[in-house]
Each structure stands twice: as C-alpha cells, then as structure tokens.
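Line order of the protein sequences matches chains A and B.
Number 390 in the UniProt record's numbering belongs to position 390 of the first sequence; there are no gaps in the numbering.
Number 266 in the UniProt record's numbering belongs to position 266 of the second sequence; there are no gaps in the numbering.
Don't read these hints as lab results, they were simulated from the structure.
Keep in mind that a hint or two might mislead.
To be verified - Pair by pair, the computed Cβ-Cβ distance ranges are:
| hint | chain 1 | residue 1 | chain 2 | residue 2 | range |
| --- | --- | --- | --- | --- | --- |
| 1 | B | Gly284 | A | Asp7 | 28 to 36 Å |
| 2 | A | Thr235 | B | Gly167 | 40 to 48 Å |
| 3 | B | Thr193 | A | Ala176 | 51 to 59 Å |
| 4 | B | Gly272 | A | His463 | 34 to 42 Å |
| 5 | B | Val307 | A | Glu387 | 26 to 34 Å |
| 6 | A | Thr132 | B | Arg78 | 35 to 43 Å |
Here the structure is a predicted model, which is why all the values come from computation and not from measurement.
No residue lacks a Cβ here, since even glycine has one placed at the ideal position from N, Cα and C.
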Amino acid sequence: MPTSPSDARDLAIVGAGPAGLSAAATAARLGLTVTLLDAAPRPGGQIRRHPAPGLRTGPPDPSLRRAQLHPLVRHLPRHHVWSAARGETGLWTVHAVTGDDGDGERPVRVTARALLLATGAHERHLPFPGWTLPGVVGAGGAQAMLKSDLVLPGRRVVVAGSGPLLLAVASSLAAAGARVPAVVEAAGYLRYARRPAALAADPRKLAEGAAHLAALLRHHVRLLTRSAVTAAHGTDRVEAVTVTRLGPDWRPLPGTARRLPCDALAVGHGLVPQTDLATTLGCATRRTADGTFALLLDDDLETTVRGVWAAGESAGVAGERAALAEGELAARAVARRLGRPAALSPALRRRRARLRAFADAMTAVHAPGPGWTGWLPDATEVCRCEEVTAGRVRAAVRDLGARDARTVKLLTRAGMGWCQGRTCGQAVARLTAPDGRPAAPERRPFAVPVTLGTLAALDDTPHGKEPR
Amino acid sequence: MVLAVSPTRPPDVIVVGAGAVGAACAYHAARAGLSVTVVDRGPVAGGTTGAGEGNLLVSDKEPGPELHLALLSTDLWRELADALPPDIEYEAKGGLVVAPDAGRLDALRALAAAQSAAGAEARPVPAAALRDLEPHLAPGLAGGVHYPQDAQVMPALAAARLLRASGAALRLGEEVTALLTTAAGRVRGVRTTRGDLHAPCVVNAAGAWAGSLGRAAGAGLPVRPRRGFVLVTEPLPRVVRHKVYTADYVADVAADTAALRTSTVVEGTAAGPVLVGASRELTGYDRTLSLPALRRLAAGAVALFPVLAGVRALRTYAGFRPCLPDRLPAIGPDPRLPGLVHACGHEGAGIGLAPATGLLVTRALTGGELPAWARAFRPERFATAPKEPRPETPTPPR
Ligand SMILES: Cc1cc2nc3c(=O)[nH]c(=O)nc-3n(C[C@H](O)[C@H](O)[C@H](O)COP(=O)(O)OP(=O)(O)OC[C@H]3O[C@@H](n4cnc5c(N)ncnc54)[C@H](O)[C@@H]3O)c2cc1C
Ligand SMILES: Cc1cc2nc3c(=O)[nH]c(=O)nc-3n(C[C@H](O)[C@H](O)[C@H](O)COP(=O)(O)OP(=O)(O)OC[C@H]3O[C@@H](n4cnc5c(N)ncnc54)[C@H](O)[C@@H]3O)c2cc1C
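Start from the sequences, fold in the hints, and give me the full structure.
Spelled out as structure tokens, the structure:
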C-alpha cells in the first residue's frame, strides 16, 4: 500500500470512550501525534457520550475534554472502523467508513506507528419467551436512551438480568420518574461475601453500589436476587413478566413463578468485550470468569501482537475508572516504545491491578449459570435476524453434529443476519458448547459491514485528516 | 460424543473426517451394507467444507478423468437432492463463464467444445445474449458459455444430512493421532485422543490435513492447504442468477504457484447473500485476514456486476483447499498400507466431487476394481513418479 511515512501518526486509537480518551490525553501530553476514531458522533463512549441533565453520571473528566482539544489529537467522529492491518512498511493502517449508519459512506484510512484498541463492550442477551416483544429493551440501551434524550422505555419498568449495571439503570430510571417495581437479579448478592479480599480492593465501587441501593430503597424498588424474568407477556407490547426463583446454577425452581405487571422491561446479562478488530489481527484472548473472551494483555497493556495495545472493556469488563487508568498506562507504554521518555508509574499499575481484581470477582459472581437454558423452551426464537428457534439450535447439536456456534450458524443460519450474531452469539454459543462454555471467541473479520465498492478501491482510499 | 448407537463389535470401516468427502464415503459405504464409524476432531463440517462454497461444477473441469468424476457426481447429486431433506438447498441453477476479450473467448470456446465432446452440456452464449441470462452483467464482455449442469448445495448441511442418512456412528471432538497396523503391515484401526478404535479398513478423508494421517505408517501424501477467501454480502433479491465466473478461473485452479491468484466467481444463494470468490495462495494454515486478497475479490465482482459496488459485505472467511501437486484428488487404496483407502486432495471441488468419490471408495472397500479412468486418482502416483507439474490449461493465463 503506498503510504508515505509522513502521513503516519504516532498512535491511532479506535474508540473514544473513557479508555481511548484517557490514552489520547496522555499520549498528546507526552508529545505523540494521535488520531482517535469512533463510530459515534460524540466522544465519551457508552457512559459519557451523552451529557445527562439531572443524572448522576456527572460531567466528563476534564482531562478528557482536553484530549479532544489538544492540537496533537485529531478526533474523527462517525468513523466506523471495519478493519486494521499492518502494512508492508510496518505501519498500521486503520480502515474506516464515515457516516451515520447506512448513509453517505466514505472510505478513510489512517496510518500510525502504534495501534490502540479501546473498543469497549456490548451487552449480553440471554433470550426467554417474549424477549422480542416491543417494550423489552436492553438494560444498557435503556440507560443510553435515558441519557441521550431523557426518554423512558415505559412508565412501569422492571429491570432484570445480572450485573452491577442493573442497579445503576434502575436508579437512573427511578430518578427520571419511572416506577420500577423490581430489580430482578439472577445472582445472589451473598456471593460477594465469599470474595472479601478482592472486593475490599475497591471500596469506592462498593460505596457506589451502596449508594445505588440506598437510592432504590428511597424509590421503593424491590431487589429480588436469585431470580429471573423467565417470560414476558403481551400481544402488541409487554404487559407483564413472569419472575421465577433460581437455583444456584440459575435453573428456574418449579412452583416459584409469579406475574408482575409492567409496561417495559430493561434486561441485560452483563457485558461482552468487543474484540473483533483485535482477534482478526491475531491478538490472543483469555477466557473471563463469566465464560466470554477478553484480550490478553501484558503488564504494559500490549496485546500478543507486537505494536497493538488495548485498554478498557475490550480487555475485560472493569468499569470506567479501570478504563481511565488503562488508557493512561497504555499510552505511556506506546510512548516508551516510540522512544519518548515516559515514566512507568508503578502506582497507576497497582491501581489498575486492584480495579481489575475487583472487576474479576464481580464478573465471577454474575457469571450466567448453566441452568439458564431451563427457561428457554424450544419454540423461543434465539436469533431474531434469521428467526431461528432454540429448538433448531438444539436439533443441530443433537442430530447434525454441531459443537460450536460457528457450526450451528452454518447449519441453522443463527447469527448470519445483519447483526452477525452480536445479539444471539452468546446465547447460541452457550446452548451449543458441550459443557455450556464456549471454547473460542466468535470471529468477525469485519468489525462493521463494508461495501464491495469500498473494498475494491482500498488502494486509493484517502487518508483521514480533518473531521467533517 | 457418540451421536448414533455405536456398534458393540468393531465397524467394517472407520472414516477419518466429517467433511463433505467423509460424509459421502460414509453414506455410500453404509448403503453398500458396511457398518461405518466417522471420527472427527471437530464438529461436522468444521473443516474446509464449512469454509468454502457449494458449487457442483462440470464447467471448470478439463476433459478427462476429472470431468468424468464431475459428470458422475452431477448425476449422484441430483439423486441425493431427492433423497435428502430440502434444507441442503440443492439448486440446479447453471453456470455462466464469461470472457472479457476475444482471445480468452476463443480459448473458452475451445475448452467448451472439448467438454461437450466428452459428454458435458456447454452452450456458447454470444455477447448480446449474456444479459438475457444475467441482466446485471457489466457491458463490454466478449461472450461466454452456459453450462446448465452446474448446480449448487449448502455444503455444511449437505455433509450433515449425508452423515445422518448414513446412520454411521459419529465420534466428534476426537482426534486421530495414528493409524494402527498389524505386524504384517495392514491397517487394523486408528488411535485417537480417547483410545483405540479397531476396523479392518480406514478411509482418509481428512481434507487439507490428510497428508500426514498415514505418514508415520509410511503412507503419507503431499497434500497442502491452498487458502481461499470468500466475501459474503448482505441478503439481496436475486441479482445474480447463475454461478458466474471469468474464464481465468480454470487457469488459476491449474496454476502451479504459491503466490496469490484471484479470479472472479460470483453467485447468489437461496438465502439471499451473494458469495464472491475465489482467491488461491499457498500460505500454510494461516487464517489471518488478507486485505489484498479481499480487495481483488471485491474489484473483480464489481467489474463483473457493477450493481454490487454499493452492496455491503457482512463477513468473510478463509478456507484451506486440500491440494495435491497435480491438483487432482487421491481416491483409492494405498498399496503401501493395505486397508487404507484415500479420499482427499479435491482442491476447490470437494463438495462437487464428494458423491462420486464416495462411490469409488466404497467400490474399493468392498473389494471391487476401480474403473480405468479412475487410475488418474491413484494415491501411489506420488510415491513413484517424480513430481511433474500439470500443464496449464488451454485458457491463456492473464
Ligand atoms: C450499553 C452500555 C451501557 C452502559 N451504561 C453504563 C452506566 O450507565 N454506568 C456505568 O458505570 N457503566 C456503564 N457501562 C459500562 C461502561 O461503558 C464502561 O465501564 C466504560 O465506559 C468502558 O470504557 P471503554 O472506553 O472501555 O469503552 P466504551 O465506553 O464502550 O467505548 C468504546 C468506544 O469504542 C467505539 N467503537 C467500538 N468499536 C468501534 C469500531 N469498530 N469503529 C469505531 N468505533 C468503535 C464505540 O463507539 C465506543 O464509543 C455501559 C456499557 C454498555 C455497553
Ligand atoms: C474459498 C473456497 C471455496 C470453495 N468452493 C467450492 C465450491 O464451490 N465447490 C466445491 O466443490 N468445492 C469448493 N471448495 C473446496 C471444498 O470446500 C473442499 O474441497 C472440500 O470441502 C473438501 O472436503 P473434505 O471433506 O475433504 O475436507 P474437510 O471438509 O476439511 O473435512 C476434513 C475433516 O477432517 C478432520 N480431520 C483432519 N485431520 C483429522 C484427524 N487427525 N483426526 C480427526 N479428524 C481430522 C477435520 O477436522 C475436518 O472436519 C472451496 C474451498 C474454499 C476454501
């Protein structure tokens, strides 16, 4: 590819969430030229993208604002990165298309000496009867909706699934005026008590959780642990949900179901690291405590592919403060590799280790138990894009010799639709793996779809310079 | 995992590999009354069968043994389409080979005439009539040849359905680590990661990995992986009706080179996505995405069907064609190791050629003679003759 080194930046960062912004700010401070690409129109990532009037997320860290304005940082919003590759000159090329989803696609590329992937995470969905009804929304999605334009998914919103995000979502919903009859959490919070050491590592996080709990109490929100929404009911829209008690392995306990009226359900079962770009580059992953895959990093946050770093949730779900710390650590490591003086910052490393240990303990507590498939009857659709039911997935395993999500995809089309398994992949993988634990991460060579015209003109793609 | 009831006494034959070729061998062997166990280290269709396309072509075969095998397979696939569930997506859609200029058209027509003489259906299509067959084809092509016998299946489902119909015992997630032999030098089974399995015959249908299966027992084959990428688009209404490819494809298949070669192969599928191929390169078992390969595939597709320029590719994948030095498969008993029967090395045609391969293998398993034309596939041809590259086809390479 004809790339003159003069076009090259020191560092290309994919993802302008807390991790990417923190890395950009640090790198610029250390004198590196940075290009920061993000699919979203505004920086801030999942939690800071929308300045939320009246909500407790607070204004973005001032250093992040600075990152955007720093003359050495070129921020390219609305840039969907579909691939990254190492060119013949040893430089990294990041390939993106511009525009909001679906319109005005324009190819752009950015070349850089180092690459940092700060692509965050997406929500995990475990299906149940009725999960495709209008009024059923992702928990994180509900939070984002609320922050962006203060739209409530309903007036009476049940919050369900598993993970610390549920408490945050419920307290935001309640603060914004929704009635939240219950937060239905599949894990038992008592399990936290079994991991005191790791949890003591991050008292602030515990305090945060306590604050959410207090807020919920104030709003008369009930917290039902060891329980799940095992069905949503309604014809045009959700009207009620069935809540069932769970055994320790998440198997629904017979005779414990009861109905809870509502007009919306916000449901999420934790987050899954977004590793598509990295795994296509050959970066190795590690299996996390909840059976997903996160990027494997060394102490300098470099992936197993030399020259590629990662920070934030793509390396494992650990929250905003871990993302900020990792962004800074990674940027320092990049600077050192490029021959700039940058201190090691052992204190920051220790802080990161603490936050990670806390997050890993939390991830273990909220790991989906294998019994969840007990609330998934054969007739329930698992893949919405291709309308594939749980029964067909099970038949592919039982009768046709599938043993992983990839083969199920080939045999049933589950995960072949527009979302490429981003919604159903976790469920399919867990339904399929012989022990319920997927053996390898899903592979998506294109992180976002790209037109054949763009691919065909790859060698003539202009360099991304100025934001539009 | 053992899917079917495993027989208490040893099976008559163990098939190594649950791809299209192994599945077809199991199917035909079972129909001939043999009891069959299929062993695969992965799932069904987890190898190249799940990473390629499902064209059943006569159009790309040169007259001779390979075309023989293809024509036999064409008939067998038609019968299988009736015998197996419809989800194998068999479609007798026909192939259209196009030539961009007069020189390549002459060569294509010459090939077609020879194929016709050997029993294939091949109908020259003048430039003006190309768009009657494919309305979205780019203008300016010199002409083409229509092959009505070319058809298509969904390879993974075809393999899975063949295996299920065979009733063979399936042992998945179990890797074969060695062949077991008797003191007299006969096969007596396989050693796997879970123990020993005994059978008087073993079929090597291990695809791109088949070369090493018999090596320790002195019955290796020079199979190499020839990597190919496929681009898959978003679902479309029928924009591409046939399998459409450029005349260069045949030369690419035959080419004796490690470097990246691409020719343009475009086809619609029953489910809507359009598949774009075909690249060929010898890079070992390396799945790393190659943007240069994808660029060339996309450019070729857009040149042939300009409407595809605005269509999105949702995914891409790489597969390893099992490739022998002369690009012909190895089918038949291995005289170096009695009891071992090879069924591998089908390069880019293993789906199409699977049923006829299964039939020949079953003939060998039941002690029958293979027909004279099948001598070209004898596994021992590599043990004796020095490696001589196969001559290029009449199609002049680009
Ligand atoms: C839906 C959702 C809601 C959440 N809500 C909360 C909350 O309310 N409270 C809370 O404490 N935590 C919340 N979290 C968790 C929170 O996002 C993390 O703790 C933290 O923000 C992680 O920061 P990050 O920089 O690693 O990733 P993110 O903030 O996720 O940033 C990643 C960025 O990368 C971009 N990106 C990814 N792939 C590409 C690509 N191929 N091309 C271009 N850009 C790309 C994304 O657009 C995104 O802006 C939420 C997470 C999710 C998924
Ligand atoms: C991009 C591309 C496009 C293609 N398009 C077409 C097409 O249109 N039409 C066509 O006919 N062909 C096509 N092919 C070629 C076709 O896919 C192959 O020829 C065919 O799949 C080979 O089938 P197989 O059963 O021999 O091998 P495979 O499907 O690879 O099966 C071999 C099996 O053996 C197993 N195995 C290997 N070693 C061991 C061991 N030691 N122990 C246990 N199990 C083992 C593997 O796990 C694997 O499942 C294409 C190939 C590619 C890459």
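So, going through the hints one by one against the coordinates:
1. Checked against the hint of 28 to 36 Å, the pair glycine 284 of chain B and aspartate 7 of chain A passes, with Cβ atoms roughly 32 Å apart.
2. Range check, threonine 235 of chain A to glycine 167 of chain B: about 45 Å between beta-carbon atoms, so the 40 to 48 Å window is met.
3. At roughly 56 Å, the beta carbons of threonine 193 of chain B and alanine 176 of chain A sit within the given window of 51 to 59 Å.
4. Taking the beta carbon of each, glycine 272 of chain B and histidine 463 of chain A are about 35 Å apart, inside 34 to 42 Å as hinted.
5. For valine 307 of chain B paired with glutamate 387 of chain A, a C-beta distance near 27 Å keeps the hint of 26 to 34 Å intact.
6. Between threonine 132 of chain A and arginine 78 of chain B the beta carbons are some 40 Å apart, a value that agrees with the proposed interval 35 to 43 Å.
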